[in-house]
Structures are given as C-alpha cells and as structure tokens.
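Peer 1: Sequence:
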Amino acid sequence: MKKKVSNFMLTLAFIAFCYQASAQTVNNNAELQTAITNASAGTTISLANGTWTDIIISINKTGTSENPITIKAENPGQVFFEGNSRVSMGGAYIIFEGIIFQNPSGLVTSSDRIDPIIEFRTSSSNECNNCTVTNIKIDGYNGTISQEKDTFKWIIVYGQFNEISYSSFIGKNGVGSIINDNRNATSTEFAEPDFTKIHHNYFADRTPVNNDINGLNDQDAIRIGNSSTSLHPSNTEVYDNFFNNWSGEVEIISNKSGENKYYNNTFRDYQGTLTLRHGNNCEVYNNYFFANNNSFSGGVRVIGEGHKVYNNYIEGVNSDKPGGSNSNATGGINISNGRLNTALNGYYQVKDAVIINNTFVNCNYALRVGTKVKSDLSLAPENVVVANNIMLNSSDSALQEVTSPIGTSIYEGNITQNGNWDLTNGVNNNQTVNSGLLQPGTDFYRLINGSDAIDSGIGTYSFLTKDILDGTRPTSYDAGAEEFEANGTRLPYVIGDVGKKIGFGAPEFILGIEDNSLSSKGITIYPIPVKNQNLFIKAKNNVGLVELYDLNGRLLLKEQIKHTNGNINTKNLNTGVYLIKIQNTYGRFVIQ
Numbered sequence: 002m003k004k005k006v007s008n009f010m011l012t013l014a015f016i017a018f019c020y021q022a023s024a025q026t027v028n029n030n031a032e033l034q035t036a037i038t039n040a041s042a043g044t045t046i047s048l049a050n051g052t053w054t055d056i057i058i059s060i061n062k063t064g065t066s067e068n069p070i071t072i073k074a075e076n077p078g079q080v081f082f083e084g085n086s087r088v089s090m091g092g093a094y095i096i097f098e099g100i101i102f103q104n105p106s107g108l109v110t111s112s113d114r115i116d117p118i119i120e121f122r123t124s125s126s127n128e129c130n131n132c133t134v135t136n137i138k139i140d141g142y143n144g145t146i147s148q149e150k151d152t153f154k155w156i157i158v159y160g161q162f163n164e165i166s167y168s169s170f171i172g173k174n175g176v177g178s179i180i181n182d183n184r185n186a187t188s189t190e191f192a193e194p195d196f197t198k199i200h201h202n203y204f205a206d207r208t209p210v211n212n213d214i215n216g217l218n219d220q221d222a223i224r225i226g227n228s229s230t231s232l233h234p235s236n237t238e239v240y241d242n243f244f245n246n247w248s249g250e251v252e253i254i255s256n257k258s259g260e261n262k263y264y265n266n267t268f269r270d271y272q273g274t275l276t277l278r279h280g281n282n283c284e285v286y287n288n289y290f291f292a293n294n295n296s297f298s299g300g301v302r303v304i305g306e307g308h309k310v311y312n313n314y315i316e317g318v319n320s321d322k323p324g325g326s327n328s329n330a331t332g333g334i335n336i337s338n339g340r341l342n343t344a345l346n347g348y349y350q351v352k353d354a355v356i357i358n359n360t361f362v363n364c365n366y367a368l369r370v371g372t373k374v375k376s377d378l379s380l381a382p383e384n385v386v387v388a389n390n391i392m393l394n395s396s397d398s399a400l401q402e403v404t405s406p407i408g409t410s411i412y413e414g415n416i417t418q419n420g421n422w423d424l425t426n427g428v429n430n431n432q433t434v435n436s437g438l439l440q441p442g443t444d445f446y447r448l449i450n451g452s453d454a455i456d457s458g459i460g461t462y463s464f465l466t467k468d469i470l471d472g473t474r475p476t477s478y479d480a481g482a483e484e485f486e487a488n489g490t491r492l493p494y495v496i497g498d499v500g501k502k503i504g505f506g507a508p509e510f511i512l513g514i515e516d517n518s519l520s521s522k523g524i525t526i527y528p529i530p531v532k533n534q535n536l537f538i539k540a541k542n543n544v545g546l547v548e549l550y551d552l553n554g555r556l557l558l559k560e561q562i563k564h565t566n567g568n569i570n571t572k573n574l575n576t577g578v579y580l581i582k583i584q585n586t587y588g589r590f591v592i593q
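Last residue of the sequence shown: 593 in the numbering used here, with the numbers rising by one and none dropped.
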C-alpha cells in the first residue's frame, strides 16, 4: 500500500511539474496585459505572489472545455488584489482562481453605482459562457461610508453555464448583492435559461446599512434573476453553501426567476429568509436553518406558482422585528397571499405549492399560511399541500392560518408538540402529541425511537426519495426532514468546514492524500494512473453511485454500479488529476 501511495504522489508531482512548465508567470501589470492579449485556448496565466494594486483585467477570449483559458494565482492565498481592482470576462471557457481581494481604495461611483469586482461580460453584447470563478476570497472590499448607499454588487453573472465555487465572501457592507445572476432580456422577450451553478461557498459577516435589517433592499447574498425576466426559467442551482453571521435585509437569497433549485445549504446565526420572491416552479430542499433566535429571521418565504419546499430543518426562528412588533414576511415557512392583477415586481398568488416533510424546532411561528405584508394582498394561496411537517416548541403558533387557502388545498399528517395551531386535531391525521417527538442531538434535534413521526408520512411524492441527511426513504416513510435510522451522513456545515469542505482553500483539502480515503470503506480503484480508458472499482458491498469531478468540483460523469465490482470508461476525459466519489467518500486518480 505504501508503494501505491508513493507512485501516486510521484505521478501527481510529475503532472504538477508539466502543468507549471506550460504556465506563463507574469510579474507586473504590463506583462499581465500582454499575456491576456496573446491568450488562446489552453493558455494559463499565473500571477506572481504578492500585492497587485489597481489591476483591471478585461479578457475577451474563447477557450474550449478541453483547453480553457486560466488566470490564476501562482499560489492560492498569496496573491492580493487591492485598491480599485476588478475583473471582467467575455467569451467562453475562462477560469479565474486563487486571488484574494482586500484593502479597497479609490472606488469610483457613477450614477449611484460602483462597478462590480467581477463581471461575467466585457460589454452588453459580449457575455461569458462556460466560465468559472473558483477558490477566491473577497474580504471587506467595500466603498467608503459616503458610498454605502451606492449600488455595489461584488459579482454579476451574465451568460450561460457559468459557475462560482469554493470561494469566501466576507464582510460585505452597503447596498448591493454579493452575487447577482442577471439577464438582459426585457419582460416582452424570452430570457434564455442561464444554468448557473453556485456551490461550496462561504458567505459571512455582512452588516446592513445603518445597522437596520428592515431598511434598504438589495442587501442580499445571492439574487437569481430580476423582476422583468422573472417569469422565465433560469435553471440555476445553489447548493452546499454556508451562510454565517448574516444580516442584510429580509432576503438572504432572493429568487427572481423560474425552475431553480436550492439545496444542501446551511444558514447559521442570521437574519432574513430564503425568499422565492418572483418566479415559478422552484425547489427548496435539504437545507439547515439555525437562526439562533435572532429577530427578523425565518426559513423559506413562498410567493408564486408550483414551488416545492421539503426536507428542510428550521430551528430558532424569531419573526419579530428588532423593535418587537411581528413581521408578516418571516416565519419558519411563510406562504404569502397574492395581489390581483399584480405587476411583475409585485406579489403573484401562490398556487400548487407543495410544503412537505419539514422539521421546525423552537420557532415562534413555524408554518404561516396566507400572510400579508401589504393590505391589498387579497388572493389566498390556492391548491396548496401542507403535509408531514413536524413542529416542536412553537411559542406563538405551530401553524398560523392568516388566510384560509382555497381550491384543493389540504393539511394532512402534520404533528406538533408544545405548540398551539390553527388545525383541528384528528382531521386528516393532523395531531398534537405530548412528548417523544424529537430529542436534542449533537448537530440538531433528531427523531427518537417511538416518535409519532416514524412511518406516519401520508401521500406519494416522486421527488421524496431521500431525507435531509441523504438517507433513503422507504415506502412507509417518516414525517419531518429526517428518516429514522436511514443512516444518512450529510450534516450541516460548521465553522470548522470553512477552508476544508467549503470556501476559499477547500479544493486543496479535498486533494489531501490523508483525507477521504476510499480504502477505509473497503473500496479499491485501479490502475493509477489510468492509461487504457478503464478505471476499475472493487468494493466489499455493491459499489452504488460513482461520480467523477474535476479539481474545480465540476461534476463530469455519474454512473450507477449495482455489483461489488465494475469499471468506469474515462475515454472522454483528458490527462490530469480527478476526484472520484463513491459512497459519500472521495478519492483521487490520474489519467495519463
């Protein structure tokens, strides 16, 4: 085994040597601009370690999937962009990685706007497609106090099939999203889906303007779309991100487009909600919310049609505003009323929403139905399913029905302990229990043996195949986000995961030879390096799902192996180092 590890490390070293030999290192701005001018598919521009001040990168080039154009730090974490520095990318298959943005100065306001730090276009007619920003850190890169009401978005995304991953965004202040996924189409055009992926990032330590959480808008972490294009699909995925110590406005994530997915994210010590503000047919699932009883906090706010909200764990929500009055925009899950003949930037009626299998703990309001933030929101939710949710210790209401839903709406299979609600016990298997629903666990409240939630799920939902921990749900499934003894292992993120599993520095952790060893699960992959297309896999039990990723965390291949051995054909992959995931455990292999 020791010999295998040595051979593997030698191969890694050899590939790293070849890679570095093909990269061009630049030492100053003049060399950088020349390298950008001369760049073509396969070019790697490596910025020398040190501080770079007032650097403007504008690259309009086209790489390929096999040979992207890369602009990177010589060593991640040792290259600093300061002053008034920014990056714009147009074309295709461009990668920007490894840079830290800090110590801003001289940021220029024009028409109440500061240019973004990173923009996925060089002009309105030249967007970036299949481009990646990865393993960067933006740390307190803000304007002056006099500029805090000027719109300053840190990253604006245009184009299609772009990605932001393994990055840290810390200390944002002032108006403007951290990531704004935008589109240029007007409301009368069809906006093309953008298929953006935002994953494994760390968002932390935001403060609102004037320290007023209920003040100015546009202080969210992520906004997907805008009002004018909100009825068109975006097909964006936001997953495996960690939001910590967050306070900006009522919307932490602001969804303003259709057919997006938000999953496997963790929210800790925050104010605000994940808000489905505009757009239809989105899914919110497998997220952890720990609000720590902060005022003006919630879980998920639902507006629009066809949304699914399931398998979420929501703890410590406090719907009260900082002054003590209650907010109708918050709550564990808040299903809003709509406005008759609403404008695109208004409040569409909730229709055909499915709110199932969520767990609420220590929330003042767990579920709220038919809320009104404006007096003219007269359209009740229609054809809504609220089922199999469990609530523990709801101080004001486990389920508050402000406006009765209409159509074929139904409440069924919901369970509460220590909390009043606006449901009738015994009708449609909605019930109140005295004890034994949940118990405190190491990470969050868990189901306990004998809980009334076990095997109590009602209804058949094709999408409900797993629980929040990635455990498999059987035919007779449990209420709430967790399936008892399903042996899932996907836990909420904690501070110790930053720089390891998520955020800036995480890719290096994944490659650590001592971490995530497949051998600990009795899994063997061979040969290393792969030379003749086939990577073979042996396991003690059935192999199951096999996923291959590149070093930026991009999923390249997914295949199910239903036996104890099998093989993966790698003929479509280039030479290089890859990650393989089997049974929730990572390994590394090399293709030569």
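Derived from the structure by calculation, the hints contain no laboratory data.
The reader is advised that the hints may include incorrect statements.
To be verified - 25 Å max Cα-Cα, derived BS3-like pairs, lysine-lysine:
{"no.": "1", "residue 1": "Lys502", "residue 2": "Lys375"}
{"no.": "2", "residue 1": "Lys532", "residue 2": "Lys467"}
{"no.": "3", "residue 1": "Lys532", "residue 2": "Lys559"}
{"no.": "4", "residue 1": "Lys501", "residue 2": "Lys541"}
What the hints assert, rightly or not - Using C-beta positions, here's what the derived DEER-type ranges look like:
{"no.": "5", "residue 1": "Lys572", "residue 2": "Asp444", "range": "33 to 43 Å"}
{"no.": "6", "residue 1": "Leu556", "residue 2": "Asn104", "range": "34 to 44 Å"}
{"no.": "7", "residue 1": "Ser326", "residue 2": "Asp551", "range": "48 to 58 Å"}
{"no.": "8", "residue 1": "Val109", "residue 2": "Ser396", "range": "42 to 52 Å"}
If you're wondering where the values come from, they're calculated on a predicted model, not measured in any experiment.
Backbone N, C-alpha and C fix where the C-beta goes; we use that ideal spot for every residue, glycine too.
Peer 1: In ascending order, which of the hints set out earlier in this document are inconsistent with the structure?
Peer 2: 1, 2 and 4
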